[in-house]
Amino acid sequence: MDKSMSLRAGVLSVVIFLFLLGLWQAATHTPEKTGGALTEYEQLMGKSTKKTAGMPTPAQMGETVKKHLSDPFYDKGPNDKGIGIQLAYSLARVGSGFLLAALVAIPLGFLIGMSPLLYRALDPFIQVLKPISPLAWMPLALYTIKDSATSSIFVIFICSVWPMLINTAYGVASVRRDWLNVARTLEVGVLRKAFRVILPAAAPTIMTGMRISMGIAWLVIVAAEMLVGGTGIGYFVWNEWNNLSLTNVIFAILMIGVVGMALDLMFGALQKLVTYVE
Amino acid sequence: MSDIRNPYDPASDLDAPCSCGQHASQSAHNSDEVSRTSIDAETLGQSVVESAMVRALFPNDRARRRFLGAVGANTAMAAIASVLPIGAMQALAQDKRAPEKKNLKIGFIPITCATPLILAHPLRYYAAEGLEVDVIKTAGWALIRDKVLNKEYDASHFLAPMPIAISMGIGSSQQAMNVATIQNINGQAITLANKHKNARDPKMWKGFKFAVPFEFSMHNFLLRYYVAEHGIDPDKDIQIRVVPPPEMVANLRAGNIDGYLGPDPFNQRAVYEEVGFIHLLTKELWDGHPCCSFGASTQFIKENPNSFAALFRAVLKAAALSRDPANRKTIAESIAPANYLNQPVPVLEQVLTGRYADGLGNVKNDPARIDFDPFPWYSMATWILSQMKRWGYIKGDVRWKDLTEQVYLLTDARKHMVAMGYKPPSENYRRITVMGKVFDHTAPDAYVASFAIKRA
Numbered sequence: 001m002d003k004s005m006s007l008r009a010g011v012l013s014v015v016i017f018l019f020l021l022g023l024w025q026a027a028t029h030t031p032e033k034t035g036g037a038l039t040e041y042e043q044l045m046g047k048s049t050k051k052t053a054g055m056p057t058p059a060q061m062g063e064t065v066k067k068h069l070s071d072p073f074y075d076k077g078p079n080d081k082g083i084g085i086q087l088a089y090s091l092a093r094v095g096s097g098f099l100l101a102a103l104v105a106i107p108l109g110f111l112i113g114m115s116p117l118l119y120r121a122l123d124p125f126i127q128v129l130k131p132i133s134p135l136a137w138m139p140l141a142l143y144t145i146k147d148s149a150t151s152s153i154f155v156i157f158i159c160s161v162w163p164m165l166i167n168t169a170y171g172v173a174s175v176r177r178d179w180l181n182v183a184r185t186l187e188v189g190v191l192r193k194a195f196r197v198i199l200p201a202a203a204p205t206i207m208t209g210m211r212i213s214m215g216i217a218w219l220v221i222v223a224a225e226m227l228v229g230g231t232g233i234g235y236f237v238w239n240e241w242n243n244l245s246l247t248n249v250i251f252a253i254l255m256i257g258v259v260g261m262a263l264d265l266m267f268g269a270l271q272k273l274v275t276y277v278e
Numbered sequence: 001m002s003d004i005r006n007p008y009d010p011a012s013d014l015d016a017p018c019s020c021g022q023h024a025s026q027s028a029h030n031s032d033e034v035s036r037t038s039i040d041a042e043t044l045g046q047s048v049v050e051s052a053m054v055r056a057l058f059p060n061d062r063a064r065r066r067f068l069g070a071v072g073a074n075t076a077m078a079a080i081a082s083v084l085p086i087g088a089m090q091a092l093a094q095d096k097r098a099p100e101k102k103n104l105k106i107g108f109i110p111i112t113c114a115t116p117l118i119l120a121h122p123l124r125y126y127a128a129e130g131l132e133v134d135v136i137k138t139a140g141w142a143l144i145r146d147k148v149l150n151k152e153y154d155a156s157h158f159l160a161p162m163p164i165a166i167s168m169g170i171g172s173s174q175q176a177m178n179v180a181t182i183q184n185i186n187g188q189a190i191t192l193a194n195k196h197k198n199a200r201d202p203k204m205w206k207g208f209k210f211a212v213p214f215e216f217s218m219h220n221f222l223l224r225y226y227v228a229e230h231g232i233d234p235d236k237d238i239q240i241r242v243v244p245p246p247e248m249v250a251n252l253r254a255g256n257i258d259g260y261l262g263p264d265p266f267n268q269r270a271v272y273e274e275v276g277f278i279h280l281l282t283k284e285l286w287d288g289h290p291c292c293s294f295g296a297s298t299q300f301i302k303e304n305p306n307s308f309a310a311l312f313r314a315v316l317k318a319a320a321l322s323r324d325p326a327n328r329k330t331i332a333e334s335i336a337p338a339n340y341l342n343q344p345v346p347v348l349e350q351v352l353t354g355r356y357a358d359g360l361g362n363v364k365n366d367p368a369r370i371d372f373d374p375f376p377w378y379s380m381a382t383w384i385l386s387q388m389k390r391w392g393y394i395k396g397d398v399r400w401k402d403l404t405e406q407v408y409l410l411t412d413a414r415k416h417m418v419a420m421g422y423k424p425p426s427e428n429y430r431r432i433t434v435m436g437k438v439f440d441h442t443a444p445d446a447y448v449a450s451f452a453i454k455r456a
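Residue numbers (my numbering), protein chains in the order written: chain C, 1 to 278; chain Z, 1 to 456.
No lab work stands behind these hints, which were simulated from the structure alone.
Since we're looking at a predicted model, the values are computed, not measured.
Heads up, a few of these hints could be off.
Below are the EDC-like pairs computed for lysine to aspartate or glutamate, each with C-alpha atoms no more than 20 Å apart in a straight line [claimed, not checked]:
1. C/K47 <-> Z/E274
2. C/K67 <-> C/D80
3. C/K76 <-> Z/E333
4. Z/K364 <-> C/E40
5. C/K47 <-> Z/D358
6. Z/K283 <-> Z/D237
7. Z/K329 <-> C/D147
8. C/K146 <-> Z/E152
9. Z/K203 <-> Z/E284
10. Z/K203 <-> Z/D237
11. Z/K197 <-> C/E42
12. Z/K415 <-> Z/E427
13. Z/K105 <-> C/D147
14. Z/K105 <-> Z/E303
15. Z/K105 <-> C/D75
16. C/K76 <-> Z/D134
17. Z/K105 <-> C/D80
18. Z/K423 <-> Z/D412
19. Z/K423 <-> Z/D371
Modelling step: build the complete structure from the supplied sequences, incorporating the hints.
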């Protein structure tokens, strides 16, 4: 029963996918104009050649995907690199910004979570800083840091620090009183209490914070790279937007989605690892 | 005549009297060959240097020929170049000092105005000067400004007014900048959305939204000048927004703006995509107006005079090449790839050759649509200052002559041009006529005062 259900669901998914493809093809298909020599004006307007702009048909899309994926690591100078290299640049930026944020947010979150006084003292700052769009920091970062590569890492840092900080603080603060009391009865040292009791207890909440942060960081990097340019998947989108090449933009969107999903799955798996049943 | 036998050719015999073996001496062979092929002095100098070096590496000519035959000339060239600074030695041999800084980053905006400084890259003009240059595509003018101020770029593509504004600390922190050469003259246009085909008179433009690439741009000043001459106040009757050039077509299509005074290829691209038409070329407002420039910070020039001189020569050489109408089609093809402009070749061809579709059903022919005259006239800078004063970007008195002659490196440009065998003009100022009105560079204050619509 269960098996036939998933089989039927799979078949239905394929049917829906094919139906959407068909719809796409029908919507974008334009009959080839034939007959009659073009005037010079028509030629200058590009009527004789295929234009890069406009909605691609599924077949053109497939071709583009194949072209990019068959040679993902080419390097034709500083402004034209393969999709693999661009994604690697973006991932490196997200990775370093995210790691920095984790290094700051988790210890600080621990402190805030363990001390109600600090929690109340820092709360107004967090509440003001949290809702600021990370990209709004960009001009300030460019001006003060004086380096565009570091500025984009800073933007990732600033957007991923808040969910981790708040979740860590919340997770640490809401460790069950009984467990802390048991630790106190056994006269466990502060460090030992932090690492052996609080950390495992708060780990699922902290992990959730990290997962949210990574999701946001991946959203923000595209916009940041469109702004700063140079390298990365966001720059790729911008460069193809300049050329009004929707096919390449759609391809980049697909890649952003796939990588974002992979990152989320990865953190999902980590989250499962630290989850416990009370 | 020097010995120009190709040292990387395994078949050529450096010890034989001449490279084909049929003449008594190499000079006899050369004089025979010169009549068939003409080689410019620089290429000749290069092969002499390389020949001398390869000779030093392989004193035995048979060993050289066996080596080249075994690994192939290209591999050998690359291998030798990787250990010996051939480029630098060639530069030295031409009585040029070795550059202080070899690896340079130059920023550019992907527009046809940047043709000379881009073109010097695929043509290896930078490499010939002993430089390793990365030309880096940048998302907008504000970012160019910031990256130059932060020293991420050593030299850059600028709008002609930008180095003046930055030198004065207007719109950014103050830092002394210089213009080495003008990149292009003309080459801009006013493009309007297709729905305004019947609104050709600027008096009908009240409430329109226009885009320009940057505040301190010829585009902003020319658009303001044009509408003001038609009685439209650019600050009150229309809205002028800053939009990076590459995003103009997308904004025009989306209806965010009614038109723009922007750089090519984005005027022609709007026509090509059938979203707009070319209302007029800026050439019709001021024939020979500057648009973009090539420059660097004064600090970079002071610290790296030889690197800067090498850049100067490479860009001047590329500009000279770009000026020739016969080269324009080839240029369109070489700057079209994704690494440079990332634009369809037919669009670039129409911009560069001046035979174009205007979007209204006409084919127009204007070979002077864009040109690449590199000479940085002082009068251009003075006019720019006059407009900055007119629209209130500069408050108070302006030291016209000092500013102009500090920022625009006219004498250096002339010196380099003379040394390279080009013929620069002998005057420093020349008459400028914008929309029929003459600008007297000796009385800029009176010029500013003479306009009916102004903020000064």
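Consistency of the hints with the structure:
1. C/K47 <-> Z/E274: holds, 11 Å
2. C/K67 <-> C/D80: holds, 14 Å
3. C/K76 <-> Z/E333: Since the Cα atoms of C/K76 and Z/E333 sit roughly 16 Å apart, the hinted pair holds (cutoff 20 Å).
4. Z/K364 <-> C/E40: holds, 11 Å
5. C/K47 <-> Z/D358: Given that 20 Å is the threshold and the Cα spacing comes to 15 Å, the pair holds.
6. Z/K283 <-> Z/D237: Status violated; Cα separation ~24 Å.
7. Z/K329 <-> C/D147: violated, 38 Å
8. C/K146 <-> Z/E152: holds, 8 Å
9. Z/K203 <-> Z/E284: Cα-Cα ~18 Å, so holds.
10. Z/K203 <-> Z/D237: Since the Cα atoms of Z/K203 and Z/D237 sit roughly 10 Å apart, the hinted pair holds (cutoff 20 Å).
11. Z/K197 <-> C/E42: holds, 19 Å
12. Z/K415 <-> Z/E427: holds, 13 Å
13. Z/K105 <-> C/D147: Within the cut-off at roughly 14 Å; holds.
14. Z/K105 <-> Z/E303: holds, 16 Å
15. Z/K105 <-> C/D75: Holds: Z/K105 and C/D75 sit about 17 Å apart, inside 20 Å.
16. C/K76 <-> Z/D134: holds, 12 Å
17. Z/K105 <-> C/D80: Holds, because 16 Å separates the two Cα atoms, which is no more than 20 Å.
18. Z/K423 <-> Z/D412: It holds: about 14 Å lies between the C-alpha atoms, which stays within 20 Å.
19. Z/K423 <-> Z/D371: holds, 16 Å
In the structure shown, a violation is registered for the earlier hints numbered 6, 7, in ascending order.
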